[in-house]
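There are 2 protein chains.
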Amino acid sequence: MTNPVFEKIAIIGAGLIGASIARATRAYGAAETVSLYDADLDVRQRAAAIDLGKIADDLATAVADADCVILCVPVGALKAVAAETVPLMKAGATLTDVGSVKGQAADALAAAADGRVHIIPGHPIAGTEQSGPEAGFETLFRNAWHILTPLKVDGEEYAEAVSRLESFWTQLGATVETMDAARHDRVLAITSHLPHLIAFNIVATAFDMETVEQGEVVKYSAGGFRDFTRIAASDPVMWRDVFLNNKDAVLECLGRFSEDLAALQRAIRWGDGETLFNEFTRARSIRKAIIDAGQDSGAVNFGRNQRKGDGDEKA
Amino acid sequence: MTNPVFEKIAIIGAGLIGASIARATRAYGAAETVSLYDADLDVRQRAAAIDLGKIADDLATAVADADCVILCVPVGALKAVAAETVPLMKAGATLTDVGSVKGQAADALAAAADGRVHIIPGHPIAGTEQSGPEAGFETLFRNAWHILTPLKVDGEEYAEAVSRLESFWTQLGATVETMDAARHDRVLAITSHLPHLIAFNIVATAFDMETVEQGEVVKYSAGGFRDFTRIAASDPVMWRDVFLNNKDAVLECLGRFSEDLAALQRAIRWGDGETLFNEFTRARSIRKAIIDAGQDSGAVNFGRNQRKGDGDEKA
Ligand SMILES: NC(=O)c1ccc[n+]([C@@H]2O[C@H](COP(=O)([O-])OP(=O)(O)OC[C@H]3O[C@@H](n4cnc5c(N)ncnc54)[C@H](OP(=O)(O)O)[C@@H]3O)[C@@H](O)[C@H]2O)c1
Ligand SMILES: NC(=O)c1ccc[n+]([C@@H]2O[C@H](COP(=O)([O-])OP(=O)(O)OC[C@H]3O[C@@H](n4cnc5c(N)ncnc54)[C@H](OP(=O)(O)O)[C@@H]3O)[C@@H](O)[C@H]2O)c1
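Sequence order for the protein chains is Y and Z.
Residue numbers for the first sequence, in our numbering: 1 to 315.
Residue numbers for the second sequence, in our numbering: 316 to 630.
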């Protein structure tokens, strides 16, 4: 076990990500004290009940004396929370976030800057379809990427703050990458935001087919549909905020996706098997690349068949 | 262990599904003898090497004296294979298939009818993203649905043949449902065919983004994209044939999907957070219904985090 990177961290927003950071920080000794605050009293009480750390009754108490404050709230709440938080922070401390969008999140954080604290936006490429304090677990960031999008700030102090934050995330088990916010948003638009939008959409389409009952969709979902329902179960507030705050990059991907889909549609309509075969063959190769890169388990069918007991689960 | 349902079955096409039927039949004693034939010499040799059953060198040998012949070839090959197979079958035997489309598959099978054999189209709602004889495993059909779409044939003999085929699939662990072929194709278009098309398409879109490198897509795929790559790794020939043979139902679903997506696109463009929130909230509920119906494991993140070792896999 290495030494704690920070003496005290404050986590604002005790949901899936905040709770996971709290658990990981304590499990891997990345900070001596973990203080949490959530705007929602119910969430604070639930966080206390499962012993996530020191639950503060107000923002000021959570933030007081913290060396690092991590905002784990939906992207749309970042601006207001950052503005409230910065004046409460001690000089020289670091303010970071975990928002899934970085361009507008970085702007929201930067708008709160008062020259006393270091502002370093971030985003862990790790999560699940669940939310709330109970959903958090200590291994969430293990072997995951964590992206930092530092602001254009000169000086050694800022560079040092960035490298300290890197150490923190490394201690939670992540591998840290640095890139600019615009690039982050373009990459994540295709690797995360578009897939979620598509998943939400296909579920909606399935609901609205008058010719097929919802019960049938559920019953025969093992044909492929069920795969999409996992990410379609993700938090609606979080995802609303993602799309509202990464509009341009998402619309760009979406336009291309629709064009490509129109081409497949045309191939189906005209019975052009060659185009279908070629596109499907090309798509096949990426799965192997992802498994080889350690970005997914190679277990067939996401390991469902291996986990299956005797009669306790449909395949 | 119950008694064998058939004395001898013949499996034509020794890929994922054929090999799984062979393994399951022997493991659960559903037939005394399992004979296999595949048009591809290489597949026959590989099937022999892993001891899938009696590998025949020609169709006639495989089919001779079989009580039930199961065509496990791509949908596009069914018509030719059925025409070749029926004259080789003994009178009173059953011909069935496992094709993922049923309307045109049923027609292809029915076209081969000569009044001597019982033709009963079928489709197991079970599979994986892999193909070939090595991909087969005996538990594939356990707790899965198997759909039969019997032809409109009167008489007790046909009804008896259907009920015998039901017993066979039940013995492999499946639950059998009977419906008409058109309904099957409408239901599967939304629960299986459209999801696959969407998955193939998003992978193609990701490949073609000039602004994001392929390596980045792979690297940050844990944000959601990786989920889609599993079904996009499925066999291109099989899926080409599915789309060519279930054109109308797929185009109908696809039209609706694109309409719904256009509405979400518009909501993003105009910053209509309420529409996004409402649609996402609605989509969320179906995951629970699917888990409650035993159609997927409730394990968060498809159980990836639980399976994760120390540093051997990225999340
Ligand atoms: N989920 C993922 O897979 C994932 C992955 C990477 C990054 N992220 C990012 O992580 C952030 C949090 O997501 P999450 O999944 O942890 O969501 P979550 O489980 O819904 O947690 C968010 C928490 O923040 C609280 N909150 C909202 N506004 C607040 C405010 N003004 N002050 C203090 N607390 C406030 C919420 O309380 P209420 O009960 O009032 O809502 C909720 O408890 C988001 O920015 C998201 O983009 C998520
Ligand atoms: N995969 C799934 O998830 C799934 C699920 C349910 C139903 N199905 C259906 O099951 C059927 C088989 O799919 P699969 O996944 O098992 O595919 P697969 O692993 O590719 O196996 C198909 C086998 O059939 C052989 N074949 C092709 N034409 C033939 C012919 N004329 N005579 C004899 N053998 C021939 C192929 O040989 P080659 O080496 O020459 O190609 C291949 O070995 C398809 O109709 C599919 O729609 C698949």
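Just so you know, not all the hints are guaranteed correct.
[To be verified] Listed below are the simulated DSSO-like cross-link pairs for lysine-lysine, each with C-alpha atoms no more than 27 Å apart in a straight line:
{"hint": "1", "chain 1": "Y", "residue 1": "K247", "chain 2": "Z", "residue 2": "K534"}
{"hint": "2", "chain 1": "Y", "residue 1": "K79", "chain 2": "Y", "residue 2": "K247"}
{"hint": "3", "chain 1": "Z", "residue 1": "K603", "chain 2": "Y", "residue 2": "K219"}
{"hint": "4", "chain 1": "Z", "residue 1": "K534", "chain 2": "Y", "residue 2": "K219"}
{"hint": "5", "chain 1": "Z", "residue 1": "K467", "chain 2": "Y", "residue 2": "K288"}
{"hint": "6", "chain 1": "Y", "residue 1": "K90", "chain 2": "Y", "residue 2": "K79"}
{"hint": "7", "chain 1": "Y", "residue 1": "K54", "chain 2": "Y", "residue 2": "K90"}
{"hint": "8", "chain 1": "Y", "residue 1": "K152", "chain 2": "Z", "residue 2": "K534"}
{"hint": "9", "chain 1": "Z", "residue 1": "K562", "chain 2": "Y", "residue 2": "K247"}
I should point out that these hints are in silico values taken from the structure, not numbers from a laboratory.
For the pair supplied as a hint, K90/Y and K79/Y, is the alpha-carbon distance within the 27 Å limit? 19 Å, holds
With a cut-off of 27 Å on the C-alpha distance, tell me whether K467/Z and K288/Y pass. 45 Å, violated
So if I understand the rule, the pair passes when the alpha-carbon distance is 27 Å or less; does K79/Y with K247/Y pass? Holds - the C-alpha atoms of K247/Y and K79/Y are around 17 Å apart, at most 27 Å.
Taking 27 Å as the top limit, are the C-alpha atoms of K562/Z and K247/Y close enough? 34 Å, violated
Straight-line alpha-carbon gap K54/Y to K90/Y, limit 27 Å: 19 Å, holds
Going straight from one Cα to the other, do K247/Y and K534/Z come out at no more than 27 Å? 23 Å, holds
Is the Cα-Cα distance between K152/Y and K534/Z 27 Å or less? Answer holds: K152/Y to K534/Z is near 25 Å, not above 27 Å.
Straight-line Cα separation of K603/Z and K219/Y no greater than 27 Å? Cα-Cα ~12 Å, so holds.
Pair hint outcome, K534/Z versus K219/Y [Cα-Cα no greater than 27 Å]: Roughly 34 Å separates the two Cα atoms, so the pair is violated.
Of the numbered hints stated above, those contradicted by the structure are hints 4, 5, 9, listed in ascending order.
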